[in-house]
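Q: Based on the sequences and whatever the hints tell you, model everything.
Chains as they are written, first to last, in our numbering: chain R, 1 to 285; chain P, 1 to 365.
No lab work stands behind these hints: they were computed from the structure.
Any given hint could turn out to be false.
[To be verified] Here are the simulated lysine-lysine pairs, DSS-like style, with alpha carbons at most 25 angstroms apart: (1) Lys167/P with Lys132/P; (2) Lys195/R with Lys111/P; (3) Lys111/P with Lys132/P; (4) Lys195/P with Lys167/P; (5) Lys113/P with Lys132/P; (6) Lys195/R with Lys113/P; (7) Lys195/R with Lys109/R; (8) Lys109/R with Lys15/P; (9) Lys195/R with Lys132/P.
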Amino acid sequence: MSRSTPLGRVVRAILLVLVGLFFLFPILWVFLMSFQTNEQILRIPPSLFFVPTLSNYVAIISGRFETTAGTLELPFMHNLWNSLVLSVCSVGLSLLLGIPAAYAFARFKFRLGENIAFTLLSFRFAPALLVLLPLSLYFQEIGLSDTYTGLVWVYQLITLPLILWIVRGYFEDISPDIEHAYRIDGHSWLATFLKIAIPLARPGIAAAALLAFIFAWNNFIFALILGSSSIQPVTVGALAFVTASGIQYGQIAAAVVFSVLPTLLLALYAQRYLVEGLSLGAVKG
Amino acid sequence: MSFLVIDGVSRRFGKLEVLRDAALSVERGETIAIFGPSGAGKTVLLRLIAGIVAADAGDIRIAGESVVGLGPEARDVGMAFQNFALYPHWPAFENIASPLRGRGMVEADIKQKVQQVAELLRIAHVLHHLPKQLSNGQKQRTALARSLVRGPQVLLLDDPLRNVDAKLRYEMRLELPRLLRQFESTVLYVTQDYKEAMALGDRVGVLQGRCFQQVDRPAAIYNDPRTVEIARQFGDPAINLYPCRPVPGASGAGVEIFGVRVAVPDRLAAMVDRPCLLGIRPEDVRVELTAGPGAFPVELDAVTPLNVRTALFLRSPDRQEILATCSESEGTRFGRGHRPVFARLDAGKILWFDQATGERLRPAA
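A: Written out as structure tokens, the structure reads:
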């Protein structure tokens with residue numbers, strides 16, 4: 001760190017506030033909108049001063065929306081639950097499949113290994129819509145459309161390559177000698193994998209899981225086409241706020257606040273794993 | 001029958017052939033220092049014995065049983081890695097305890113064993129530290145403790161002093177032989193430092209060109225090297241080498257070098273008229289100020305004091321340590337150490353100090 005003068009510190013603080021405002025402003029604005037009625041939001045010029053109302057949150061939680069055209073039933077909390085189920089299950093399954101696969105790709109050279117790994121990555125290149133058309137036909141045929149199982153399966157296209165490739169890099173960074181030493185100590189390869197490789201790759205696993213969770217949470221197109229309202233996540237559910245009697249901005253804002261919360265909390269929680277530099281000092285470089 | 005037998009072992013990595021038909025027999029309790037240039041396959045050999053790498057061909061037997069095909073966990077070996085390879089997420093205690101846990105030892109015994117080996121290696125006070133909190137020397141001792149704690153039948157040490165500073169390396173070089181004797185293991189010690197090899201090995205194995213060139217006692221490697229490469233690598237400053245061509249003469253074959261005729265031993269008569277190398281160790285070149293029989297005139301360009309001597313570690317009857325050195329050639333008389341000898345202090349060379357002030361007491365002028 002260079003020594004800073006008082007002036008330098010002030011300038012830096014101002015710049016930091018500016019950058020922070022720039023990035024946080026949309027979130028702040030949505031947060032404020034969620035406490036306003038549609039009329040307050042749409043007035044011109046907009047104002048920062050208003051009498052806050054909880055009506056948006058009440059509507060979201062109760063699932064009953066009063067519009068000029070009458071009462072509308074919208075199961076938004078159910079959408080939130082769907083999002084949670086889909087994201088957690090997808091990431092869980094991807095971790096279960098991806099970590100051993102990543103370890104295998106990192107440690108063993110086998111025939112076509114590199115090709116298989118790259119094929120898995122290439123799933124990320126394919127435009128989702130291209131995949132979806134045939135997939136929706138197949139899913140209807142085998143009865144997987146409109147099921148959690150079907151969606152979690154398709155979500156693997158998003159989460160599995162991510163976890164596989166990030167975690168593989170972390171496994172490759174662990175000195176194989178650490179694992180060899182553990183084997184020589186008299187432990188099986190499975191014990192070595194569980195007690196040495198996974199704990200040492202934990203920061204990478206946490207980062208990959210978090211990223212995969214966010215990607216799964218934000219996914220829109222798979223659920224839109226392959227699921228009906230009973231299993232649709234918040235991203236698709238929010239479409240319903242565009243009603244015949246206009247767009248319900250206040251309720252959308254409240255819905256956004258709800259849907260951002262889980263990822264935000266998870267990110268805050270996982271942060272300490274992300275910065276955990278465990279491998280440092282283990283091996284002389 | 002030797003305790004550890006490496007029998008015609010070969011291994012290649014892709015196009016690179018690292019070992020070809022390498023063979024070595026080690027007796028129980030013996031320490032073999034494996035010396036060779038980097039890339040000679042020393043580390044690969046240790047890994048083959050540990051079971052980390054599989055051999056393409058050949059057999060490895062420990063105590064008469066072939067271990068080919070057995071996983072590392074099924075072979076009774078301990079290994080210290082050049083890069084330490086400590087478990088970074090566990091404190092030193094757990095690192096050292098790992099081989100004991102691997103064999104299902106009960107907790108109380110583990111505690112006692114770890115404490116014991118830690119005290120021997122003087123790391124008992126840092127057992128609760130994580131590897132990253134340890135100094136390099138402590139890491140190296142922890143790695144050594146981990147390989148020793150179970151008292152394995154075969155101990156593989158892969159250049160364990162490579163990554164520690166010179167002072168510590170010197171200390172450990174003195175300490176290791178005693179330590180290894182206590183554990184009664186059969187030891188393979190890999191090093192790139194010929195002095196380390198000579199200091200630690202009961203025998204030295206020179207690994208070069210994919211197989212062992214010579215396996216012999218350190219003094220024999222030095223005095224009776226099998227190849228010019230070995231002669232060149234053992235000795236600092238290096239041996240003098242001069243190309244020459246023996247010619248027959250009236251009093252037998254000889255070479256003419258520096259204007260002096262040097263007789264060639266009779267057993268080398270077959271080499272007459274064929275190109276040879278004459279090698280002479282620096283300590284065997286006698287330098288005088290005046291001419292004498294067989295001497296030839298040379299120019300003295302530089303004098304560089306090296307103070308390279310053989311170090312001897314003595315212990316008085318009242319258990320005090322005495323450090324002595326002698327010239328390398330004299331040192332060979334003492335063999336590998338551990339025997340009663342007699343020491344004499346050269347009274348004229350003693351330096352006297354005042355214990356209270358630490359000042360040198362100079363003889364009155």
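Q: Tell me the numbers of any earlier hints that the structure contravenes, in ascending order.
A: none
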